[in-house]
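Given the structure of chain A, go ahead and fit chain B with the ligand onto it with the hints provided.
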Amino acid sequence: MRFHLSAEQIAIQDAVRGTLADCWPMDRLHAFADGADDFDPASWEALMALGLGGILLPDSDMGLLDAALVNEVAGAAAAPGPLIGQLLAVAAVARSGNAAARAHLDALVAGTTVAALALGDSPYVQCARAAQVFLVGSRESGLALVEAGAGVVIEPVQPTDRSRPVSRVTFEGAVRHELAAASDPLTAQICDAALVLVAADSLGGALHCTDISVAYAKEREQFGQPIGRFQGLKHQLAHMALDVEPARALVWYAAYAHDAALDDAPRAAAMAKAHLCDVYVRSTRAAIAAHGGIGYTWEYGLNYWLRRAAFNRAWLGSPAQHRARAADLAGW
Amino acid sequence: MDLSYGAEAEAFRAEVRRFLADNWQPAERRGAELKEFIRAFRRAGVERGYLYRSVPRRYGGSEQPVDVIRAQVIREEFGRARAPLEVGGNGVNMTVPTLLEKGTEEQRELFIRKTIEGDYIWGQGYSEPGSGSDLASVRTKAELSPDGTRWIINGQKIWTSQGMQSTHMFMLVRTEPDAAKHDGITYLLIDLDQPGITRRPIRQMTGEQGAHTFCEFFFDNAETPVSWQVGGRGQGWYVSRTTLKHERASIGSADGLGNQFRKLVDLARETGRIGDPLVRDSLARIEGFVLAHRYTSFRLFSCAAAGEDAGPVQLMMKLYLTEIGHEMALLAQELIGEYAFIEPAGAGGRGPRGVRGPEKWLDQIMGSLGNSIAGGASNIQRNIIGERGLGLPRDLALALEAGAEK
Ligand SMILES: Cc1cc2nc3c(=O)[nH]c(=O)nc-3n(C[C@H](O)[C@H](O)[C@H](O)COP(=O)(O)OP(=O)(O)OC[C@H]3O[C@@H](n4cnc5c(N)ncnc54)[C@H](O)[C@@H]3O)c2cc1C
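As they're listed, the protein sequences go chains A and B. Last residue of the first sequence? That's 476 in the numbering used here, and every number before it is there in order. Last residue of the second sequence? That's 415 in the numbering used here, and every number before it is there in order.
The set of hints was computed from the structure by calculation and includes no laboratory data. Wrong hints could be hidden among the right ones.
What the hints assert, rightly or not - Beta-carbon label-pair distances, calculated as ranges:
1) Glu443/A with Gly15/B: 50 to 56 Å
2) Gly15/B with Gly368/A: 53 to 59 Å
3) Ala151/A with Val364/B: 51 to 57 Å
Built from N, CA and C at the ideal position, the CB exists for glycine as well.
The shape of chain A in the complex, shown without the other chains:
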């Protein structure tokens, strides 16, 4: 029995955190947010140099839990890049028998070929202009890897989430490598894994919002005292922590259930996605309220997390949709 992180898992999180602290400080995020790009090569290369691309390879000694821990840290830093798409493209391609798709595998693992996630029927895809391949499909239609180029039409939009800008993308007559039929268990596994990773990104974002609000409350003074001394604010902050800290275990469980192929893994993924996306939205709102005027500025940057929370919430199905699925899966 073990249900807390190992020293190695903590070390991986520290490595990713340290890398992002170096290559993705707030001024980089600011510059990126006001720029026209949907991809940041420098931070991508730094993350890929850590070997993250291969976490979900079938013969890796890591699994979805480790992928979730990495995405938690990426979420905390509002990291750019299609990290979830990349990890899942590797997972799906490596488990498929499609030779043409598998020809991309080494470059996907290395991160030199960038994969964006286009699951579900939404036309919006993160980092689409940077992607050389797209992981497309749904539970109903199966999975495929689509090559950028002819037949892939990308129309940039002004994105709400400035850290991972979206474009509107259509795939008609593009080069397409089938990875898994709808009936292939791999299809549902990848769709479920995506939910867990979005939940993990949301967890990280919510933790970050809580941490910086607490830190600010210790520094900022009003009425001659740190504002964190005032019970009204203290209780707001306690509730932020109460909302996010126990929810961490929901992400761990969903990822563990996936890795251990437990029967309740699909439902655990739906529950984690629904719950953490709600938590994330609440945390970002509470953080801005807790900061006062500075929180309402663009400059302070909390809005990037609020925007990311808005994106995660709607991405791959809203909390209400996943709760409806969870109700069905429970046989209610």
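Below, chain B with the ligand alone, put in the same frame as chain A:
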């Protein structure tokens, strides 16, 4: 991560199951006969090292090395067989650990065996009419008898759970009126069966009255031997910190919460609302919290097994449980509809109940409020999370009195 307990634990589980199959056959026994059977069963459980594992053999325990996995297997298997576990209550959860940590040899000899065998039932004599969250303000006073052998106690305690059943009480009394607030309190044990003590049940908001409600106690020159004082004179506040620690650990129970949630789903079925999309959404939303609580309990359990500190999340479990209880109460209230017009039989308590319909949820709807008050009110929990958990500075008023709150 791995939620299986491992081969060693599974072998142990088989052993516990065999023990239960051989020893727990209550059959048709009733009344005194059943009571004697349970007593003998518990003795056998101690013999095998299943019950009172942290209590030394010389006081009637089984003195086992700390092993949270084994302890969990025992709870699971006893639960499955519906066999009685430890006696429970304040005595086992608070008095015994306090005596093991801070008691004298004489006190341990006198009280531990009788407590774990269920002969002594303990009331917690902390709260007073004027002292609740600000527990260190207790005013019930104790003075030494002229010969210095007994404490003479005068004052009042209130909200004592199980007060009508209690044979003994552990209490905080003021012995050094001139000392600083927290340094003037002494922790005493007292026999409740004496002329200087009057007890009265207090009718609860649940409607419950009589033998199973909380009580108030009046002390009018009540006495207890000085040798029944736990810890030094004026050290009672610090002794009481041990007990509250144990109380916190025993309140958060993930299995109980999970069972209650399953019953809430059953209620939605029973009332024909399970197909209602709003109800399904509310149930799944609440279940997110129930599962987060459950998996966090796994996390705490896993850290405890590995001897690692789980950090601030430990401080959140009571408030989390309280808040989930509120959410469940609100949905239950929606689901029972007009059944809310009918007071359930044996409301809030343990009287004869007979067959009860959805109105029985009024027990949970009202009872869940107890959690937000007893064992440290929710605002006090929020202070603890904010100050001890997040490291925020203490409230100015409270900062003046170090460690002032319950
Ligand atoms: C069912 C039940 C069983 C109980 N059993 C026992 C028992 O066996 N033995 C025993 O000794 N006691 C028992 N109690 C009493 C319980 O411990 C107290 O009720 C509790 O500590 C609160 O104290 P109080 O009732 O005096 O409320 P108060 O302390 O007066 O609190 C009233 C309100 O003020 C708030 N408040 C108080 N201080 C602060 C602060 N510093 N900051 C913000 N808000 C604050 C509280 O949160 C609460 O909402 C029981 C209570 C209940 C409901």
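Inset, instruction - Could you check the hint for me, namely that glutamate 443/A and glycine 15/B are 50 to 56 Å apart, CB to CB? - result: holds, 53 Å
Inset, instruction - Just tell me: holds or violated, for the beta carbon distance of glycine 15/B and glycine 368/A against 53 to 59 Å? - result: holds, 56 Å
Legend entry - Consistency of beta-carbon spacing, valine 364/B to alanine 151/A, with hint 51 to 57 Å: holds, 55 Å
Checked against the numbered hints above, the structure violates none of them.
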